[in-house]
Amino acid sequence: MKYFRTALTHPTTWALALLVTAGSAQAQSAEKGKVAFIKNGCWQCHGFEGQGGQAGLPLAPNTKPLAYITAFVRNTRGAMPPYSEKILPNADLADIHAYLQSRPAAPDPKTIPLLN
Amino acid sequence: MSDKETPEALPRRSFLGGVLASGAAAAASLSPTAPASAAEPAAKPAVLPPSAHGAAMEAGMPTDPARIDGKPGSDFMVDVIKSLDIKYLPSNCASSFRALHESLIDYGENRMPEFLTCMHEESAVGMAHGYFKACGKPLLTLCHGTVGLQHASMALYNAWCDRVPLIIVGGNDTDAAYRPPGVPTFHAAQDINAMVRDYTKWDDAPVSLQHFSQSFVRAYKIAMTPPYGPVAISLDAALQMAPVHPHGGQMPTIPRYVPTSPPQGDSGAVKEAASLLAAAAYPVIVVDRAARTPEGIALVVQLAELLQARVVDQGSRMNFPRTHYLSSAAAAVAHADVIIGLELADFWATVNSYTDNGENEGHGVNGTRMLPTAKLISINSRDLTTKANYQDFQRFQVIDVQMAADAQATLPALIEAVRSAISNERKVVIAQRAEPLKKAYAEAQVRTRAAAAVAWNASPISTARLVMETLAAIKHLDWSLVASEGNVSDWPNRLWPMEKHHHWLGRSGGYGVGYGAPAAVGAALANKDLGRFSVAIQSDGDLMFAPGVLWTAAKHKIPLLSVMHNNRGYHQEVMHVQRLANFRNRKVNNGNDMGPIGTSIENPDIEYHLLAKSMGWWAKGPIKDPNELKAALKEAVAVVQSGHPALLNVWTQPR
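Taken in sequence, the protein lines are chains U and A. If you count the first sequence from 1, position 22 lands on 22 in my numbering, and the numbers rise without skipping. If you count the second sequence from 1, position 283 lands on 1283 in my numbering, and the numbers rise without skipping.
Derived by calculation from the structure, the hints in this document are not laboratory data. All clues given are correct.
Residues from chain U that face chain A, not an exhaustive set, calculated with beta carbons under 10 Å:
(1) 40
(2) 41
(3) 44
(4) 47
(5) 51
(6) 53
(7) 61
(8) 79
(9) 83
(10) 87
(11) 104
(12) 106
(13) 110
(14) 113
(15) 115
Heads up, simulated BS3-like pairs for lysine-lysine below, C-alpha to C-alpha not over 30 Å straight-line:
(16) U:39 - A:1624
(17) A:1500 - A:1137
(18) A:1475 - U:110
Cβ-Cβ distance ranges computed for the label pairs, FRET-style:
(19) U:105 - A:1421: 50 to 58 Å
(20) A:1400 - U:105: 43 to 51 Å
(21) A:1331 - U:105: 25 to 33 Å
(22) A:1372 - U:113: 41 to 49 Å
If you're wondering where the values come from, they're calculated on a predicted model, not measured in any experiment. Heads up, the beta-carbon is just placed ideally off N, CA and C, and yes, glycines get one too.
In isolation and in its complexed conformation, chain U is listed as follows (with noise of 0.2 Å):
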């Protein structure tokens, strides 16, 4: 986790994730997003729905900015492998970000019964 955190609060990190996803912000799509969502794997460790769980932290709801995610993304060093844009282009990353952010809010765990 301390590379992860290393590689984000790096100053050049974010300038450069911002200049990636400026470019690709008038493509997103949730819909392109739950398939490319699928066919790279995230769901392997975040869950369909971004949830997370044991092996993957959650994505949504509460989703972080794009320039966030593809920042951690493009320069992780932890156990997540990063994706290169050769794997994950920007355009589908960013498609990835409308999917997550189109994810419902979870319902208050007090109004669930079996949680209480």
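Add chain A to chain U, keeping to what the hints say.
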């Protein structure tokens, strides 16, 4: 005349000879093609009166009805086995132990042990594994000494790593000059136990019946002395067949079994450990197989409360109540100044981290998770049985106070030593830890429930929803989670109110896939006798290694609720391949599946409910809508309560 009556009335060989002779005569007299012979005397009767010898054979009582003189050696072996109160014998039949098999079911009347028909030796050993963890009693299994033991070997390795006692007996026709040629010779070896010697505690190849009785009792005793473990006996086919003979004027005897006391930690080391713990500002207790028995839980609780120390239960057994405010996540070690590990499988990984990120030429990156000044204490009986070849001893970790001893047996002395080491002033300081820890526990519970609520209504069904719907259906019963294979994000341990030893039986030990299904059936058998309700979270990949155990459960009426975590893939492996492709900057090839080629179990989907039904289970599925779970579980629970196994094929999220 029944089969049972035959040997009492007549020697079987003579009886059959008589039947053949009279049958031939009768056939000749009734044949429509046989001409009436003019040469035959007309006055001769069709059936002659029996001779004096024949009459004696018909009416006389034989002195010895058996074809083999005396008591067969395998009957004596049954006497030995019965002396140890072994209740069941899961096994796949094989000719190399046919004599013992026959003795068990006929001479031994198929009781103590009862033969359970298995369809794979791996299933038989897996059943014995699960059975022990549910009730604390070892089982015996028989197999072919070569091909059967080869089938059984992965399950044996799991039992070895999980410190589970069981006795495996392999039939072997040793005498190369006289054994049958062909298949029995393919199935013979000089030393069958060599194959499993690296992951059994002890083995032997007895050459006389007296040797067998001593070896069997010794094997049981070694298996049942902590650290527990599997033991193997090679059983010669000729020894099973030969009659019992006196040796030196004495018939073979059966030694009395007397349990061996478990090893306790050295008193000096116990005192040193107690001083460190009593003086610690933030002690943490990490437990993995600390509670060998239900009594172990109470001891861990006593030590934790005495120190107000957080407890991290790594979960190879149910060591500490999840409902206790000192129950904590693994991250607790990060701030500890003293960490005591009780029967840990891997102390290195408890206090260090490893990141599989492809760096260092693919070796990944190591890191530490503990303070550099933290003191480490270990009590671990596995230190007494370390072997060289298989690497289950894990990475080397420097420990400050290390006891090669059984933790549960050492805890009473350690608790007393800690009590003595805590001054009255220190007691006040320690007591002040309680309130913040209670608050932290309550906050962690809220966070866990919030995480479980995400994707609560998703389809495929979230693993959190799966396990909480299951709990709701069984919580009014004396339930036992007998296995949870595949990764369900550990929701049962995070959300279920686990307090009793049988609430959670732990994992496979060696992570050999295929453990879950047979271990669940074996544990359910033990729980059946104890009046408990057994439930398993059954993953798809695990079940398909040897699904024949489903038939065994139905055949022997073993009640088990199997709720499938059917994520349609080998998810432990899915990410490995994805990770390697990314490291190499290549797009992974999924073929027509969702995961990388070779990791998915789809196209076609397996209809597990139909598979189970075909083997005599009540089953339902595939269930993809979370709103259908409650009703299906209610039906399934009712079936299990009626004494039968039931399976729900549930499509789930990956983890």
